[in-house]
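Enquirer: We have chain A already, so just place chain B on it with the hints.
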Amino acid sequence: MYLIVVGGGKVGYYLTKTLVHEGYEVLLIEKDAAKVDTYTERFGAVVMNGDGAEAATLSAAGVGRADVIIAVTGDDEDNLIICQMAKHRFNVGRTIARVNNPKNEELFRLLGIDVTISTTNVILSLIEQQIPELHFVHLLALRHAHIALVEVSVSSASPIVNRTLADIDLPPETSIIAVLRDGKVVIPTGTTTVRPGDDLFAITRRESEAELRDLIVTG
Amino acid sequence: MNVVIIGCGRVGARIAMSLDQAGHHVSVVDIRSAALRRLPPEFGGKAVIGTGIDEDVLKFAGIEDADAFFAVTNGDNTNLMAAQLAQKRFNTRQVAARVYDPVRAESYRRMGIYTVCPTTTIASLMLDSLSTS
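Chains as they are written, first to last, in this note's numbering: chain A, 1 to 219; chain B, 220 to 352.
So that you can see chain B by itself, here it is in the shape it has in the complex:
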């Protein structure tokens, strides 16, 4: 599987490493070269410096042949724009965006963009811990 990830923070780097170790072709895009240093030396994929909302950067990262796309920068709007770019322009089959704002996450889910909202997920996990302890 070919995978493009934008945002090489803790989450992005972790997804990249897991998929790389599982034998997939991974490209990670981040605007800060320092963030790409999070990737360990054994990472076998491609690291690209650039913004994830630029078509040409995404093409360079291999979006045209990608089976999956993850938008996990720290900006909700960047992730939502990039996800739509992948889904609507490049017809990437599986697209997921991290969106911290629960309202935005829900709005775009209704518009057909797969969003993951850490805010609601973590809040419910925290509340769950209360009931089980």
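Just chain A, with the same shape it has in the complex:
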């Protein structure tokens, strides 16, 4: 598999380092010639000087046979155009863009980028998972499908306590897929009764997250 990384900031540098270490064929494209010299000393000949949004640079990098292009510069407009050029002009199958401004994540998907990674959102989400007081935690958003995996803690005040799952009117297209009870995982059925202290794992539509939160978490 051949991967092209564009942008030699901290993210691009460590990403390239890791991918090389794992044995992938990698090429890092970086605009700044001085950085290219430093990186070449460290990684060998897997670093190229150039502007990743220029067709000539992409051509010289052999983008035509690349399986994946990963644009991780600090500028969203550059990451977008790099991925679109790779996709539309060179038919690269998979484009991955770093999104610096979280607002742009949805726009990038609308404009055909296969995978978007918002550093800010990733960090926020990881921090949220570590805050014990939070009763509703967004664990994962699944690509394309607009589906999220969430974890909800049931307090004794929750309106769904002592009800069976079949009896709870969940938002549309929402399923409880696991219950964590006293440190053990219970695979739920319709007859499973919710108890205070349960942690519920649910798959839901992203737009239904708020409704699910309101249904289970009170106070």
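Treat the hints loosely; a few may be bogus.
Unchecked claim - Straight line, CA to CA, 27 Å or less: simulated BS3-like cross-link-like pairs of lysine-lysine:
hint: 1; chain 1: A; residue 1: Lys17; chain 2: B; residue 2: Lys265
hint: 2; chain 1: A; residue 1: Lys184; chain 2: A; residue 2: Lys103
hint: 3; chain 1: B; residue 1: Lys265; chain 2: B; residue 2: Lys278
hint: 4; chain 1: A; residue 1: Lys31; chain 2: A; residue 2: Lys17
hint: 5; chain 1: A; residue 1: Lys87; chain 2: B; residue 2: Lys307
hint: 6; chain 1: A; residue 1: Lys103; chain 2: A; residue 2: Lys10
hint: 7; chain 1: B; residue 1: Lys265; chain 2: B; residue 2: Lys307
hint: 8; chain 1: A; residue 1: Lys87; chain 2: A; residue 2: Lys31
hint: 9; chain 1: A; residue 1: Lys35; chain 2: A; residue 2: Lys17
hint: 10; chain 1: B; residue 1: Lys307; chain 2: A; residue 2: Lys103
hint: 11; chain 1: A; residue 1: Lys87; chain 2: A; residue 2: Lys103
hint: 12; chain 1: A; residue 1: Lys35; chain 2: B; residue 2: Lys278
To be verified - Output of the computed footprint for chain A on chain B, the stretches with three or more beta carbons under 8 Å from beta carbons of chain A:
hint: 13; segment: 245 to 257
hint: 14; segment: 280 to 292
hint: 15; segment: 302 to 311
The set of hints was computed from the structure by calculation and includes no laboratory data.
Note that CB positions come from ideal geometry on N, CA and C, so glycine has one too.
Expert: Chain B alone, transformed into the frame defined by chain A:
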């Protein structure tokens, strides 16, 4: 007609003035307040400080009611991203982006974005002057 222009360089300011004088409602967005000073005192439109690739800045500039959008900052990628934002997100009817790189200009033209490439235009005008003199 309501018009939003991003980039208040020589080209942006000129488009803004022409349309303003013709009686249209014009908003000009530029990240540098100094650039907006290019607009003469008689300019009757709106000047907005901010980046043209931010949805909220564009909304503030009136993109939701705009009939036309011009992306003429000095960055090709900024112009192309802004033009797609206007066309695909806000459904602006007429969108045009300046793109210096002829290859990028042609690629996006094929993707349905109206691009103007000064490089090829000026080069051919220069070459034309050779044949007529």
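Enquirer: Could you work out which earlier hints the structure fails to respect and list their numbers in ascending sequence?
Expert: Of the numbered hints given earlier, those the structure breaks are 1, 2, 12, 13 and 14, listed in rising order.
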